Amino acid sequence: MAREKIQIKKIDNATARQVTFSKRRRGLFKKAEELSVLCDADVALIIFSSTGKLFEYASSSMKEILERYNLRSKNLEKLEQPSLELQGQRIIREINDLKTKGMQLMEENERLKLEISNGRREVAGDSENVFCEEGQSSESVTNVCTSNATPHDHESSNTSLKLGLPFSG
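Read in my numbering, the sequence shown has 357 at position 39, and its numbers run on one by one without any break.
Hints listed in this document are in silico derivations from the structure and should not be mistaken for laboratory results. Only a predicted model underlies this, so the values are computations on that prediction, with no experimental measurement involved. There could be a bad hint or two in this list.
Per label pair, the in silico range of CB-to-CB distance [unchecked claim]:
(1) L402 with K327: 17 to 23 angstroms
(2) E322 with I364: 29 to 35 angstroms
(3) I410 with L384: 38 to 44 angstroms
(4) I410 with L346: 48 to 54 angstroms
(5) I326 with L384: 27 to 33 angstroms
(6) D330 with F373: 20 to 26 angstroms
(7) Q325 with K392: 38 to 44 angstroms
(8) G406 with L430: 33 to 39 angstroms
(9) I383 with A320: 49 to 55 angstroms
(10) I364 with L402: 41 to 47 angstroms
A virtual CB, placed ideally from N, CA and C, is assigned to each residue, including glycine.
Generate the whole structure from the sequences, applying the supplied hints.
Here it is in C-alpha coordinates:
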(Lines of atoms letter the chains of each structure in order from A and count residues from 1; the text may use other names and numbers.)
(Lines give C-alpha, C1' and ligand atoms only; values in the text may rest on other atoms or scores of the structure.)
Protein backbone atom coordinates (compact mmCIF):
# COMPACT_ATOMS: atom_id res chain seq x y z
CA MET A 1 0.00 0.00 0.00
CA ALA A 2 1.54 3.31 -1.17
CA ARG A 3 1.87 6.31 1.09
CA GLU A 4 -0.16 9.37 0.32
CA LYS A 5 1.96 12.28 -0.89
CA ILE A 6 1.72 15.33 1.31
CA GLN A 7 1.85 18.87 0.07
CA ILE A 8 4.93 20.71 1.33
CA LYS A 9 3.75 23.85 3.09
CA LYS A 10 3.98 25.31 6.58
CA ILE A 11 2.09 23.29 9.17
CA ASP A 12 -0.39 25.59 10.92
CA ASN A 13 -0.84 23.54 14.12
CA ALA A 14 2.14 24.32 16.44
CA THR A 15 2.10 20.89 18.11
CA ALA A 16 1.98 19.02 14.80
CA ARG A 17 4.74 21.30 13.46
CA GLN A 18 6.96 20.50 16.48
CA VAL A 19 6.37 16.74 16.12
CA THR A 20 7.17 16.86 12.37
CA PHE A 21 10.29 18.95 13.04
CA SER A 22 11.52 16.47 15.63
CA LYS A 23 10.93 13.41 13.41
CA ARG A 24 12.47 14.97 10.30
CA ARG A 25 15.45 16.30 12.28
CA ARG A 26 16.16 12.79 13.57
CA GLY A 27 15.81 11.48 10.00
CA LEU A 28 18.33 14.05 8.72
CA PHE A 29 20.80 13.17 11.48
CA LYS A 30 20.43 9.48 10.66
CA LYS A 31 21.05 10.10 6.93
CA ALA A 32 24.07 12.30 7.73
CA GLU A 33 25.54 9.55 9.90
CA GLU A 34 24.90 6.92 7.21
CA LEU A 35 26.58 9.10 4.58
CA SER A 36 29.56 9.58 6.86
CA VAL A 37 29.96 5.86 7.60
CA LEU A 38 29.19 4.46 4.14
CA CYS A 39 31.21 6.96 2.12
CA ASP A 40 33.89 7.93 4.65
CA ALA A 41 32.82 11.57 4.28
CA ASP A 42 33.21 14.40 6.76
CA VAL A 43 29.68 15.60 7.45
CA ALA A 44 28.50 18.59 9.46
CA LEU A 45 24.82 19.33 9.91
CA ILE A 46 23.52 22.44 11.68
CA ILE A 47 19.82 23.04 12.30
CA PHE A 48 18.11 25.91 14.10
CA SER A 49 14.51 25.35 15.17
CA SER A 50 11.86 28.04 14.83
CA THR A 51 12.42 28.83 18.51
CA GLY A 52 16.15 29.35 17.90
CA LYS A 53 17.36 26.11 19.50
CA LEU A 54 20.55 24.70 17.94
CA PHE A 55 20.84 21.07 16.82
CA GLU A 56 24.06 19.81 15.27
CA TYR A 57 25.70 16.65 14.02
CA ALA A 58 29.31 16.20 12.97
CA SER A 59 31.06 13.02 11.89
CA SER A 60 34.32 14.39 13.30
CA SER A 61 34.98 17.79 14.86
CA MET A 62 32.39 20.40 13.87
CA LYS A 63 35.01 23.13 14.33
CA GLU A 64 37.50 21.43 11.98
CA ILE A 65 34.87 20.83 9.30
CA LEU A 66 33.71 24.46 9.45
CA GLU A 67 37.32 25.72 9.28
CA ARG A 68 37.90 23.56 6.18
CA TYR A 69 34.69 24.92 4.65
CA ASN A 70 35.65 28.55 5.35
CA LEU A 71 39.19 28.06 4.04
CA ARG A 72 37.91 26.43 0.86
CA SER A 73 35.31 29.12 0.17
CA LYS A 74 37.94 31.87 0.67
CA ASN A 75 40.33 30.10 -1.73
CA LEU A 76 37.57 29.76 -4.34
CA GLU A 77 36.83 33.48 -4.12
CA LYS A 78 40.51 34.24 -4.70
CA LEU A 79 40.67 31.90 -7.69
CA GLU A 80 37.55 33.39 -9.26
CA GLN A 81 38.79 36.98 -8.96
CA PRO A 82 42.32 37.46 -10.27
CA SER A 83 44.40 39.89 -8.26
CA LEU A 84 44.71 43.47 -9.42
CA GLU A 85 48.38 42.83 -10.13
CA LEU A 86 47.56 39.96 -12.50
CA GLN A 87 44.85 42.01 -14.19
CA GLY A 88 47.30 44.89 -14.65
CA GLN A 89 49.92 42.57 -16.15
CA ARG A 90 47.36 41.12 -18.56
CA ILE A 91 46.25 44.60 -19.67
CA ILE A 92 49.87 45.72 -20.18
CA ARG A 93 50.53 42.61 -22.31
CA GLU A 94 47.45 43.37 -24.42
CA ILE A 95 48.55 46.99 -24.88
CA ASN A 96 52.04 45.93 -25.95
CA ASP A 97 50.62 43.36 -28.38
CA LEU A 98 48.34 46.01 -29.89
CA LYS A 99 51.25 48.48 -30.20
CA THR A 100 53.33 45.84 -31.98
CA LYS A 101 50.48 44.99 -34.32
CA GLY A 102 49.91 48.70 -35.02
CA MET A 103 53.57 49.19 -35.91
CA GLN A 104 53.50 46.16 -38.23
CA LEU A 105 50.39 47.49 -39.97
CA MET A 106 51.97 50.93 -40.39
CA GLU A 107 55.11 49.36 -41.89
CA GLU A 108 52.99 47.24 -44.24
CA ASN A 109 51.03 50.34 -45.25
CA GLU A 110 54.24 52.24 -46.05
CA ARG A 111 55.60 49.28 -48.02
CA LEU A 112 52.40 49.08 -50.08
CA LYS A 113 52.47 52.84 -50.73
CA LEU A 114 56.04 52.51 -52.02
CA GLU A 115 55.09 49.61 -54.29
CA ILE A 116 52.24 51.62 -55.78
CA SER A 117 54.37 54.72 -56.28
CA ASN A 118 57.17 52.67 -57.90
CA GLY A 119 54.71 51.08 -60.33
CA ARG A 120 55.50 47.53 -59.27
CA ARG A 121 51.90 46.89 -58.31
CA GLU A 122 49.48 46.16 -61.15
CA VAL A 123 46.19 47.99 -61.37
CA ALA A 124 43.36 45.76 -60.19
CA GLY A 125 41.53 46.01 -63.54
CA ASP A 126 44.62 44.89 -65.52
CA SER A 127 45.18 41.86 -63.32
CA GLU A 128 41.51 40.90 -63.65
CA ASN A 129 41.79 40.86 -67.44
CA VAL A 130 44.48 38.19 -67.27
CA PHE A 131 42.13 35.81 -65.48
CA CYS A 132 38.87 36.71 -67.22
CA GLU A 133 39.69 35.01 -70.51
CA GLU A 134 37.10 32.30 -70.90
CA GLY A 135 38.20 28.75 -71.37
CA GLN A 136 41.16 28.85 -69.02
CA SER A 137 41.52 25.92 -66.71
CA SER A 138 42.55 26.35 -63.12
CA GLU A 139 45.89 24.81 -64.09
CA SER A 140 46.57 27.46 -66.73
CA VAL A 141 45.60 30.25 -64.34
CA THR A 142 47.99 28.81 -61.77
CA ASN A 143 50.74 28.62 -64.41
CA VAL A 144 50.16 32.26 -65.38
CA CYS A 145 50.40 33.32 -61.75
CA THR A 146 53.58 31.39 -61.07
CA SER A 147 55.30 32.31 -64.33
CA ASN A 148 54.65 36.06 -63.87
CA ALA A 149 55.78 36.06 -60.26
CA THR A 150 59.22 37.38 -59.51
CA PRO A 151 61.30 36.18 -56.56
CA HIS A 152 60.76 39.43 -54.65
CA ASP A 153 56.94 39.14 -54.85
CA HIS A 154 56.62 36.24 -52.42
CA GLU A 155 55.02 38.44 -49.77
CA SER A 156 52.15 39.65 -51.95
CA SER A 157 50.00 38.04 -54.60
CA ASN A 158 46.91 38.81 -56.62
CA THR A 159 44.12 36.30 -56.40
CA SER A 160 40.99 36.35 -58.50
CA LEU A 161 37.83 34.29 -58.26
CA LYS A 162 35.36 34.13 -61.13
CA LEU A 163 31.92 32.77 -60.36
CA GLY A 164 29.63 31.37 -63.02
CA LEU A 165 29.00 28.34 -65.17
CA PRO A 166 32.04 26.40 -66.40
CA PHE A 167 33.19 27.01 -69.96
CA SER A 168 31.90 24.44 -72.41
CA GLY A 169 33.81 24.62 -75.67
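Quick rundown of the hints versus the structure:
At about 48 angstroms, the beta-carbon gap between L402 and K327 misses the expected band of 17 to 23 angstroms. As the Cβ distance of E322 to I364 is approximately 31 angstroms, the hint placing it in 29 to 35 angstroms holds. At roughly 40 angstroms, the beta-carbon separation of I410 and L384 lies within the given 38 to 44 angstroms, and the hint holds. Checked against the hint of 48 to 54 angstroms, the pair I410 and L346 passes, with Cβ atoms roughly 53 angstroms apart.
Take I326 and L384: their Cβ atoms lie about 29 angstroms apart, and the range 27 to 33 angstroms holds. Hint check: D330 to F373, Cβ distance near 23 angstroms, so the stated range 20 to 26 angstroms holds. In this structure, Q325 and K392 meet the distance hint of 38 to 44 angstroms, their C-beta atoms being roughly 40 angstroms apart. Our hint of 33 to 39 angstroms for G406 and L430 holds, since their Cβ atoms are close to 36 angstroms apart.
A hinted range of 49 to 55 angstroms for the beta carbons of I383 and A320 is inconsistent with their spacing of about 38 angstroms. In this structure the supplied range 41 to 47 angstroms is violated for I364 paired with L402, their Cβ-Cβ distance being about 35 angstroms.
Checked against the numbered hints given earlier, the structure breaks hints 1, 9 and 10 and satisfies all the rest.
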